[in-house]
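The primary structure of each chain is shown beneath.
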Amino acid sequence: MNAKSFATAALLAFVAATIGAAILKEFRAAPAPPAAERRARPAGGTAEPLYAAYYFHGNIRCETCTTIEELSSSTLERAFAAELDSGRLEWRLVNYDEPANEHFREDFQLAFQSLVLVEERGGAVARWTNLKDVWVHVQDTPEEFGDYVVSASREFMGGAPE
Amino acid sequence: MNEFAAASAAALWLGVLTSISPCPLATNIAAVSYVGRRVGSARLVLASGLLYAAGRTITYVALGAALSASLLAVPQLSHLLQKYMNILLGPLLVLVGMLLAGLLESPFSGGGGGAGLREKADGLGVWGAWLLGVVFALSFCPTSAALFFGSLLPLAVGIDSPFALPALYGVGTRCPCWVSRRCWRAGRRASAPPSSVSARSSCGRAARPAPSSSSPASG
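Protein chains in written order, with our numbering: chain B, 1 to 162; chain Y, 1 to 219.
What the hints contain is simulated information worked out from the structure, not anything from laboratory work.
We put the CB at the ideal spot given by N, CA and C, even for glycine.
Some clues are possibly wrong.
Covered stretches of chain B, going by a simulated chain Y footprint (3 or more residues, C-beta under 8 Å) [what the hints assert, rightly or not]:
no.	stretch
1	106–112
2	124–138
3	143–154
Facing chain Y, according to a computed beta carbon distance under 8 Å, are these residues of chain B, among others [to be verified]:
no.	residue
4	Ala7
5	Thr8
6	Leu11
7	Ile60
8	Cys62
9	Glu63
10	Thr64
11	Cys65
12	Arg78
Under the rule of at most 25 Å between Cα atoms (straight-line distance), these lysine to any residue pairs were calculated in the SDA-like manner [unchecked claim]:
no.	chain 1	residue 1	chain 2	residue 2
13	Y	Lys83	B	Asn130
14	B	Lys25	Y	Asn86
15	B	Lys25	B	Val15
16	Y	Lys83	B	Gly58
17	B	Lys25	B	Val94
18	Y	Lys83	B	Ser151
19	B	Lys132	Y	Gly40
Use the sequences and the hints to build the structure in full.
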């Protein structure tokens with residue numbers, strides 16, 4: 001067997017093994033996952049709106065995805081420090097590829113990794129919005145990205161104080 | 001009309017943004033290699049390039065039209081495409097690489113035959129570029145999924161243009177390929193005989209000498 005034949009056979013075996021592994025992984029029973037990374041807010045009967053900024057990601061973390069996550073988190077920490085300290089606003093990081101979190105795809109109609117602002121009243125979701133333009137603004141400067149996140153968050157939170 | 005023109009420009013720009021994000025950029029580089037493999041025949045390279053672009057564009061138009069008509073649920077379809085197409089893409093790209101390296105025969109080429117049969121096989125082989133365009137378009141990664149499902153589709157639905165805007169998006173995703181192919185061809189012209197020394201193209205990349213596959217003797 002010459003080098004060319006050996007390389008061809010090895011690569012074809014690699015391709016077959018890759019496809020086989022993918023099929024096996026798909027049909028393997030998924031273990032029951034632990035609770036999500038999400039910190040559960042205690043269910044309470046308060047009329048005061050509470051807000052959560054979710055960043056939903058999958059198992060695949062691309063560079064742009066982690067950039068959006070980091071910029072969103074740092075922007076909210078800078079612009080909404082008082083709300084975060086008081087608990088009026090929470091930052092939540094959720095992997096929607098974990099079986100326990102798959103329901104979020106339905107809940108918030110997630111087609112891609114997203115920054116979602118949620119208003120909760122009495123422990124239930126009252127309304128939400130997907131800041132989908134983060135994917136466009138991530139191409140801009142971090143300041144322009146931050147301006148978009150801050151203005152969209154303020155609008156959603158009804159003009160929260162600075 | 002102004003609204004449509006602005007939306008068209010936005011769709012084209014979203015396509016360009018998609019193509020320069022990391023994972024689609026990698027597939028576009030693979031596409032340039034595939035499309036340019038018959039570099040000795042301008043006709044075949046042009047046909048391959050157009051078919052690749054058509055494959056991508058038709059796929060985006062079909063997806064856009066089906067999703068705009070609410071025939072398919074956006075989150076579910078997006079999840080399925082991101083999960084399974086990227087699993088398929090790895091083995092497929094290994095096979096394409098083997099084809100380009102001459103480790104595999106094109107499925108369209110026969111074992112023997114003369115120059116006429118070889119030319120016919122090459123002609124059929126350009127359809128591989130169309131298939132590659134379809135597969136690459138369906139292989140959504142986080143960035144392309146966000147731009148297509150999150151930005152383009154709402155735009156297309158908003159101005160009731162389920163065909164034109166996805167088509168322009170598809171053209172946009174192909175733009176960097178056109179630019180890089182022009183750079184490659186400019187590089188080849190710069191390195192044309194009598195000197196076989198590599199020259200630099202206007203794009204700053206070292207020009208490649210014509211591959212041996214363009215030579216009739218090499219088959």
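Here is how each hint holds up against the structure:
| no. | hint | result |
| --- | --- | --- |
| 1 | 106–112 | holds (count 5) |
| 2 | 124–138 | holds (count 5) |
| 3 | 143–154 | violated (count 0) |
| 4 | Ala7 | 6 Å, holds |
| 5 | Thr8 | 5 Å, holds |
| 6 | Leu11 | 6 Å, holds |
| 7 | Ile60 | 6 Å, holds |
| 8 | Cys62 | 5 Å, holds |
| 9 | Glu63 | 6 Å, holds |
| 10 | Thr64 | 5 Å, holds |
| 11 | Cys65 | 5 Å, holds |
| 12 | Arg78 | 24 Å, violated |
| 13 | Lys83/Y - Asn130/B | 22 Å, holds |
| 14 | Lys25/B - Asn86/Y | 14 Å, holds |
| 15 | Lys25/B - Val15/B | 15 Å, holds |
| 16 | Lys83/Y - Gly58/B | 10 Å, holds |
| 17 | Lys25/B - Val94/B | 22 Å, holds |
| 18 | Lys83/Y - Ser151/B | 33 Å, violated |
| 19 | Lys132/B - Gly40/Y | 45 Å, violated |
Going down the numbered hints, you'll see the structure goes against 3, 12, 18 and 19, while the others check out.
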